[in-house]
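Protein chains in written order, with this note's numbering: chain L, 1 to 369; chain H, 370 to 677.
Each hint should be verified, as a subset may be incorrect.
[Unchecked claim] With a straight-line cut-off of 25 Å between C-alpha atoms, the simulated SDA-like cross-links for lysine to any residue are:
#, chain 1, residue 1, chain 2, residue 2
1, L, Lys129, H, Arg485
2, L, Lys53, H, Glu553
3, H, Lys557, L, Phe12
4, L, Lys129, H, Ile650
5, L, Lys103, H, Asp558
6, L, Lys129, H, Leu648
7, H, Lys557, L, Leu163
8, L, Lys53, H, Arg471
9, L, Lys106, H, Ile574
10, L, Lys72, H, Ile555
11, L, Lys53, H, Lys438
12, L, Lys107, H, Thr569
13, L, Lys6, L, Lys103
14, L, Lys72, H, Tyr559
15, L, Lys129, H, Lys429
16, L, Lys111, L, His88
17, L, Lys72, H, Pro580
18, L, Lys72, H, Ile574
19, L, Lys129, H, Arg472
20, H, Lys557, L, Ser201
21, H, Lys438, H, Ile650
22, L, Lys176, H, Phe436
23, L, Lys129, H, Ile574
24, L, Lys14, H, Thr467
25, L, Lys53, H, Thr570
26, L, Lys14, H, Met655
27, L, Lys129, L, His68
28, L, Lys53, H, Ile574
29, L, Lys14, H, Val396
30, H, Lys557, L, Asp313
31, H, Lys583, L, His88
32, H, Lys438, H, Leu648
33, H, Lys583, L, Lys53
[Stated by the list, open to error] According to the in silico footprint, chain L covers these stretches of chain H (three or more CB under 8 Å from chain L):
#, segment
34, 465 to 476
35, 646 to 656
Hint data in this document are derived by calculation from the structure and do not stem from the laboratory. All of these numbers come straight from a predicted model, not from anything done at the bench. Note that CB positions come from ideal geometry on N, CA and C, so glycine has one too.
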Amino acid sequence: MKITIKALCKLFGKVKAVDNLALEIRDGEFVALLGPSGCGKTTTLLMLAGIYKPSSGSIRFGEKVINHLTPKERNIGMVFQSYALYPHMTTFDNISYPLKLKKVHKKEMMKRVQATADMMGIGELLDRKPAELSGGQQQRVAVARALVKEPAILLFDEPLSNLDAKLRLRMRGEIKRLQESLGVTSVYVTHDQVEAMTMASRIAVMNFGVLQTYGSPNQLYDHPDTVFVAGFIGAPPMNFLEMRFEERDDGFYLGSQALEIRIPDERGAQAKQNDVPQRVIMGSRPEDVSVVAERDGDFKAEVYLIEPLGREDLVTFRFDSEEIRALTPAPFHGQIGETMSLKLDKEKVHLFNPETKVSVLRSGNGGSS
Amino acid sequence: MRGQLAPYVFLSPTLVLVTLFFFIPLVMVFILSFTNLDMTNFGILEWWSPANWSLDNYIKIFTNRFFSKILGNTIMYVVLTLTVFNVGLALVIALITTHINRRAGFAFRVLWFLPRITPVVVYIMMWKALAGPAPMGIINSILGPLGIGSGKYLLNTNPWVFIILANGFIGASFGMILFSSAIEAIPKDYLMASKVDGATTWQTIRYVELPALKWPLLFVTTYQTLSLLTSFQQIMLLTDGGPGLYQTEVWALTAYHRALTSYFGNTQWGYGAAWSVVLVIIGIVMAVIYLRVFKFGELVEEPKIDQL
Ligand SMILES: Nc1ncnc2c1ncn2[C@@H]1O[C@H](COP(=O)(O)OP(=O)(O)OP(=O)(O)O)[C@@H](O)[C@H]1O
Ligand SMILES: [Mg+2]
């Protein structure tokens, strides 16, 4: 089922939990709503579910506006962060609850509950109460309950955040596979950018109730629209440095007290076309910063902190009063306090307007969204 | 040594009070129930001596001409007040006030608390005024023009209705507070999940909220049964067991009448104590039955968690 959200707002008193949200979700698509705590993800989801009435704007399922429909009339399945399994009911009763409310015939109900439970690998646990299940098992029951009525839309509200790291990884894969095989349009809320990147075909990033950007994981990673998105997507987060933008006869340059780099002509031209101001925010991901021999370096900096991550080491350097972090192949050959030469990958340099915090490298008419 | 003594020092005021005003009277009532101590032999009868103990009082109770009338009255009074008001109406008010605007719900519950905090004598006076004969009584003034009722003093024509109403209006607020706080303590996720699963408000109440009220229901039912069994002040003030002979006399009121008034004969402390002791036993039996019916054991069963 296609979902079209237009100019959607939700106010709680004076708090604007969701502000003028526009989003289109294709039939069968898996979309992640990503953003920090309190940015309005759950509120958006609950409006899709029909629990909250929008303050203004419209939500369409298919071509039909469903603003006024009750949850019952929307045919959705939802998985809650807390699982929300009814504590007095057995697994069977929990999963069969949506069918019971639909007055599905007893025999049919037994069959569908068993089939769904088997698919989720909890067929043996049907007579247990939620308190007698582990977190992972409860999670599966919650998914089974959402799936059993064969909903047109699946909503997930941070379903994995209560699981341990290993189980989270496994459930992540299982939910993704399940969604792909069933082809149900799904909206998945998370504040974990890795979860969003790995699971979703498109990610909607929100902040303070406002949609920041909407695009595929690669798009958001390679061409972030705003400083917020650039900093939010990717771990460890992107480095930001304030710099001067200069056009000279032989090309485009970024400069500050400590360093000066030349950026590729097409990047510079694009920035110029987007009315780049004199001062810009330059963004460079830690994996695009490398330690090099002195003659190849763009600038020098002092090792401040070394954080081994196993495959790589995350090294924080200091120069002037700035900090920059680099992902270097482990083991890192250097000591704290040592001065080393660093080089930035100029092909992957991001530029943002410090006033609007919007990227000046966007192609086209420059409008975000 | 001092460290070991400290807890007892702190406990002692309460211990003394509880012993003095609860345990000793309890034992005394129990002993008294086997004697025929009354106003006439007070100071003469050695009630503490086993030689003066007998089961006569108990035989007297069970062979009393009005025994079945009193028992019947008590059962009717407790069952009707409990089911209709103390649990039934309490649950209805709790459900309604938790499903409307929060502030309105709260205000409504505060209103329902008024009967409980009004001094009982004032409260009963109000009922008596309400039940007054035409044209003074408000109820009669309303019923009259509708052509219902005779305009007589309603406490004489329908005493039970007023006894149950007067007690129920007080009793309902207890359950109401417990039920509504239990309802508000239900995690919102359950209610949302139920709605998303396709339930109407009524179905959510029926399948999700009511089961979560099992504990408060058990508690309110048990507690209110016991307090209704032993309560008599309202009845005493309203009808004092009348207006007909033993028409509204309940067990606790009988115990009071026998022991502390000379309603019939002398103040028979021993005999009255026996009525009380039987009432206590009935109360204990009822409490045990409730725990069984509500499957208390199941609520504290050990979980069977294992790893995925
Ligand atoms: N029922 C409510 N009444 C009043 N304010 C609310 C209500 N629900 C949410 N809010 C406010 O709206 C904003 C968005 O809340 P929301 O729950 O949608 O955030 P979220 O993105 O889901 O955050 P989290 O990641 O912590 O779950 C917050 O400022 C929150 O305080
Ligand atoms: Mg949330």
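Earlier hints that do not hold, by number
When the structure is compared with the hints, numbers 1, 4, 6, 11, 13, 15, 19, 20, 22, 26, 27, 29, 30, 33, 34, 35 turn out to be violated.
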